[in-house]
Structures are given as C-alpha cells and as structure tokens.
Amino acid sequence: MADNFQAISGDEIARIFHALDRLDDGIRDIDELCGDYNHGRYITDRQLGDILNVSRRTLANYRAKGEFGYYDLPGKILYDEKEIEQFLQRHYLPPFRTDD
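Residue numbering for the sequence shown follows UniProt numbering, starting at 1 and increasing by one per position.
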C-alpha cells in the first residue's frame with residue numbers, strides 16, 4: 001500500500017492557520033452578536049441607507065458622530081433596529097399647528 005501523503009511547505013501551513021484564525025474570529029463575532037441579542041433584528045448598511053433614503057457616506061457620518069451604535073464585522077456593518085428607532089424618535093418633530 002503506497003503512502004499518499006504530499007509534503008506541505010511551511011508557507012502553506014502558515015496560510016492554513018491564518019485562514020483558521022480568521023474563521024475563528026468570524027465565528028466569535030457572530031457568537032457575540034447573537035449571544036445576548038438573540039431576539040433583536042439587525043440591518044445592514046445598505047438596507048438602512050435604503051430605508052432612510054440616505055447615502056452610505058451619510059451613515060458613516062452618523063456613526064462618527066455617535067448618533068447610534070453599530071457592529072463592525074469583517075466586511076459588513078450592522079445596526080440594531082431598536083437603536084435606529086430610538087434615533088428616529090430623538091429627531092422626530094411633531095407637526096406645528098396653531099388653532100385660530
């Protein structure tokens with residue numbers, strides 16, 4: 001029975017371990033996101049921009065100002081729907097009416 005083992009270089013092993021580390025980090029991010037917040041709903045940067053009819057750059061400005069929290073996952077920004085509702089409530093202006 002012939003051995004079917006193929007030699008792997010140190011660089012290839014390092015790449016495999018690097019990929020496993022990234023995968024592990026991603027799993028931790030998802031676990032942290034879902035762990036205590038299982039009942040929340042999250043929307044992406046693009047979805048929120050479409051809902052509010054603002055650009056993704058405007059959302060980045062809101063984040064920089066601390067208007068609402070967000071999750072910065074590798075390659076994706078997520079927002080807690082409840083925080084966005086609170087943000088909108090803070091900026092709500094009731095209709096101005098005078099009864100004559």
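Honestly, the hints are just simulated from the structure, not real lab data.
Keep in mind the model is a prediction, meaning the values are calculated, not measured.
C-beta: ideal position from N, C-alpha, C; glycine also.
Wrong hints could be hidden among the right ones.
[Said to hold, decoys possible] With beta-carbon atoms standing in for the labels, derived distance ranges:
{"id": "1", "residue 1": "Glu81", "residue 2": "Ile8", "range": "40 to 48 Å"}
{"id": "2", "residue 1": "Asp21", "residue 2": "Arg56", "range": "22 to 30 Å"}
{"id": "3", "residue 1": "Arg56", "residue 2": "Arg97", "range": "48 to 56 Å"}
Status of the hints after comparison with the structure:
1. Between Glu81 and Ile8, the C-beta spacing of about 46 Å keeps the proposed range 40 to 48 Å intact.
2. A beta carbon spacing of about 29 Å between Asp21 and Arg56 agrees with the range 22 to 30 Å that was offered as a hint.
3. Checked against the given bound of 48 to 56 Å, the beta carbons of Arg56 and Arg97, roughly 36 Å apart, lie outside it.
Checked against the numbered hints given earlier, this structure breaks only hint 3.
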